[in-house]
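Novice: For reference, the chains in residue letters:
Protein chains: 2
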Amino acid sequence: MDKFKVTFYPDKKTISVAKDKTILSAAISAGVYINSACGGDGVCGRCKVIVKQGQVNSQASGAITLEERKNNIHLACSTTIHSDLEVEIPESSRLNFDKFTPEELEERLSGLYSKTENIQPVKANLQEGIFKHSPFATKLYLELPAPTLDDSVSDLERLYRALRSIEKFPVLQTGIFNIRQLGELLRDSEWKVTLTLGKRNDTIEIVLIEPGNTTHKNFGLSFDIGTTTISGQLVNLNSKKILGTKTTYNQQAAFGSDVITRIVYAGQAHGLEKLHNAVCDTMNQIIRELVSEHNVDLNDVNCIVCSGNTTMIHLLLSVNPAHIRKEPYVPTVNFLPVVRAAEAGININPRGLLSCVPGISSYCGGDTTAGVLSSGIYQTDKPCMLIDIGTNGEIVLGDKDFLVACAASAGPAFEGSGVTSGMRAASGAIQKVEINKKDLSVSYSTIQDKKPRGICGSGYIDLLAAMLNAGIIDKGGKIKATGARIRQTDTGKEFVVCFKDETDLISDIVINEADIENLKRSKGAIYSATAILVKHLGLQLSSIAKIFIAGGFGTYLDIENAIKIGLLPDLARSKFVFIGNSALAGARQILLSNQAMAMADLLACRITYFELSVDPGYMDEYSQALFFPHTDLAKFPTVKY
Amino acid sequence: MDKFKVTFYPDKKTISVAKDKTILSAAISAGVYINSACGGDGVCGRCKVIVKQGQVNSQASGAITLEERKNNIHLACSTTIHSDLEVEIPESSRLNFDKFTPEELEERLSGLYSKTENIQPVKANLQEGIFKHSPFATKLYLELPAPTLDDSVSDLERLYRALRSIEKFPVLQTGIFNIRQLGELLRDSEWKVTLTLGKRNDTIEIVLIEPGNTTHKNFGLSFDIGTTTISGQLVNLNSKKILGTKTTYNQQAAFGSDVITRIVYAGQAHGLEKLHNAVCDTMNQIIRELVSEHNVDLNDVNCIVCSGNTTMIHLLLSVNPAHIRKEPYVPTVNFLPVVRAAEAGININPRGLLSCVPGISSYCGGDTTAGVLSSGIYQTDKPCMLIDIGTNGEIVLGDKDFLVACAASAGPAFEGSGVTSGMRAASGAIQKVEINKKDLSVSYSTIQDKKPRGICGSGYIDLLAAMLNAGIIDKGGKIKATGARIRQTDTGKEFVVCFKDETDLISDIVINEADIENLKRSKGAIYSATAILVKHLGLQLSSIAKIFIAGGFGTYLDIENAIKIGLLPDLARSKFVFIGNSALAGARQILLSNQAMAMADLLACRITYFELSVDPGYMDEYSQALFFPHTDLAKFPTVKY
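Residue numbers (the working numbering), protein chains in the order written: chain A, 1 to 641; chain B, 1001 to 1641.
In case anyone wonders, no lab produced these hints; they're calculated from the structure. Careful: at least some of the hints might be erroneous.
As the list claims (entries may be wrong) - If we take Cβ atoms under 8 Å as the criterion, some of the chain B residues that face chain A in the derived model are:
id, residue
1, Thr1148
2, Ser1152
3, Glu1157
4, Pro1328
5, Tyr1329
6, Val1330
7, Asn1334
8, Ser1361
Unchecked claim - Calculated cross-link-like contacts (lysine to aspartate or glutamate; reagent style DMTMM-like; alpha-carbon spacing at most 25 Å):
id, chain 1, residue 1, chain 2, residue 2
9, A, Lys500, A, Glu68
10, B, Lys1326, A, Asp150
11, B, Lys1535, A, Glu68
The beta carbon of each residue, even a glycine, is placed where N, CA and C say it ideally should be.
Could you put together the complete structure from these sequences and hints?
Specialist: This is how it looks when you write it as structure tokens:
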């Protein structure tokens, strides 16, 4: 069988592959991650690469223009290899790391960037500090009395005796690993040791025993594992201080953009393994960068708490998620046991523990539980709503007496995936857009004021609102205006937001009618879920006291514009509160307090899952929401274009 | 460096070794186990081999006669290799497996062979059946309702829910291994599965999940890991029936005969690893033979309970026992956590559990706890004594109100180790001896009436008593008679029990003055420990209601002769009860009942360890016991020679 060498730039990674393999599969084998939202179906056009050298066979696709073809730009997923190749992966097709400083990111994630004046700052609303400080992994320094002929209890019982004299533990346990080292360790350290105690289900495990006093070195990680993006935080477990935060694309994106595509992929040969490795690689890379930037020894990271949707958590632990997508939509597990991080393929201290926030159902995972925990809506007097807009949109309605959750498959459009020029809220993303009504000229600002690389979720919301305002699109989302920025393509009309000469890109930054359709479906899915959930509980939208908006894009969300396009209900603006990444905040609370961990368990039991698709009114409500802002304008009284 | 090939017969195992290595070290590397009681010091003479081909360099040793040398018989430990070799290992130097049928062995171990008429049969005294049948691993068959849209709890919670509806468990847990298989397993088995539940400290673990109903296949093993011999039993955990029992030499004997030699060896490079591997190999061989003889699938063996002295248990779990022999004699651990048998290197079901009976101190291990449990002395009204005669002799005195234990380093002489013609109570062992006073002719019987291979513990007791009776030895143990069977050797006098032409051996079966000295020290150590313990508690020997005799040799013990040589105190014969291997019986009780497991934990806490060596009267008492039967004949009023 013919074998060809393919070299990827700028990574300079070379791999030998068989003839007729696609460039995408070669890239995956080489460990080079290319965005591939549709999972390799040649539809999304996210995986454009430049073939600099060599022969390929490329299928025609609406996602590639004639001009791009002339410039040797191809879709990696639909292009097979017919000779040795040199392939350049442009910035826009890469699954890249943030170039944010930790401080910038932390500021962003804390949600303080609310741009609508009458919105309360988030920190007041996050439930930090209401739980007692009792981290998942706690260090305890002990000075033991040396044994004598009169006090000759064994080394391990000596340790247990000292521990029990300090605190009453329900059940103490440790593994043979620690016992094997114990004799020498106690004597070499002159009976002065530090124990790392971890909560393991209903027992306390002695995770580690170290010589001397190492209590000042105790770190943990909280993670939010999203379908599209993954965020990780390094936390000092003693001071509760967040040392740094990193967000990056989930490398699983190379295997499809939504959970359904991933579940299908997991069913293929080695699919589960590849998806598992991709999420581990992403997390391990975040961890490596965090510990290196903050001069933390990986061995001093003793625990991780992960929130994530049910499919993501299954994949993290190599549990086949197959049954999540088959009626009656049952996951294998919602409450996962605490495991060693190493068992899940995550590199921290080899004995360190990993806990997953318990999930509610197949389509409401631990990220929702964590969001309910950190938003605090489980203890409010009046009904509040939590809207977490990710690839799946989760909506929870409730108060101290009841909590009901539903999931809307919004798709990743607001995370900048599956739309032509989309990108997540990272450096160079267009996050704010205005259009001059007269000449249709565009002004925009990018994150960190870098040259524009694409449009993130908040940018799209602004863009849609501005296009509606300027009359570029009608209420159905069709482009009806004409001008220099409006072009006809093979697949319909597009509007140029930013010409490529203003960028370092190989194409213009555009929004086309397919993108608008995509965004419309996303906003329609979220809005109609909101409406159905309220109706299901016999409430009115107006009776909701607060609406907490969470999600990777939420930190920049312009509420006014979000209402204008019909993503959020048209309520008093003061009711909206941005809380940023509430799943990550909840995971951090759990990391820092065993009380919060116990509360998360309770919440996962308390929250009732409501399956939208079984509600007879859902399809009707959804169809009505497929207009800007809505078919029934009476529902959006303040909206005027 | 020169390398030579050494082939061992009858194993036909060949290994390549460097010049100047000893034959013993070559044999260990080749996996051929040679008896080496002194740990390779050239003293014990147990490791005689015949060099059939090739050149060796052999150090002179009192343990080899000139005639043996002429016949190319050498000590494997003191003979270095100088060419390719062919080496025959005679039967008497091998660490061999029993050729007993399981039935024979079981009968023996049950202790029914008491030869003194007025001794109660043991079964009445063993505490079988007083604990509720609740095995260490229990199987439970469940038929789960299939999930529906209205009942969509996750697979794992469905399992937990069904379990909890049957019984209240304190804490249920399972590992990620089972969860990974769960989704397919439940569906493929149409929601009918069998759980194996194991007690893991204070929680219940779902050890295994199997499709269908496999409750009829649930087996476990109990083990007694002695310094010299290891016994294992295969038990049907449902019916409580013992399927078979095997006893063999601990392959660690190649590294020294007593715990102190082993501890020293463990401190050498790779010593701990070698000792660990030797005990694992021994146990795994017993297990393989047991399951194969009883047509049990190794995967259906779900748990093991091990009793053993503290050093043996440390070595089984690869915990360095170094500090056991250093003042203040502290072991690393007495209460070991339950581990997977695989973690300890023991081959049963890869997920199967292993529990060690908790020990009391460095020199009173879990074998003593198990003995106290099975003898039932912890619940008697009047003080009783348990004497377990092994390489270490453990003695426990107590009743329902108190329990005190001590340990006497008896040495392995009564287990047939460290004495010229000694062997353990296996096929061909001389177990009963009489000597004609007139012509000093010897009559004997062997186990299974095979040609004699050596003398076991009960044979030595009879032999010593007969030699005293016949006036062959004096009360100090010196050979004073003359005759055809009495010979002078380089190292003193010896008495021929059995000439080699009656055997298949290469030497006569003899007892020499060094052997007698050795046996005298053993019996002196046991007797004086008994006496000191009674005195320490302010009691009289005569006030002891029952004396339970346990140990590998105890099953054949002639009480009359044991009192005659001063091993046991001169009390009413009706007070003595043989209970065979009480440590193995206790381990089996624990295997079959979680109540017994909890009781063993309690007992290990309740039993007080008394260190003999700190008692000012001990050395005096010991010296007085170094006569047959004793310096103070008033203590043995019924003994007449």
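Novice: Which of the numbered hints are not met once you compare them with the structure shown?
Specialist: 11
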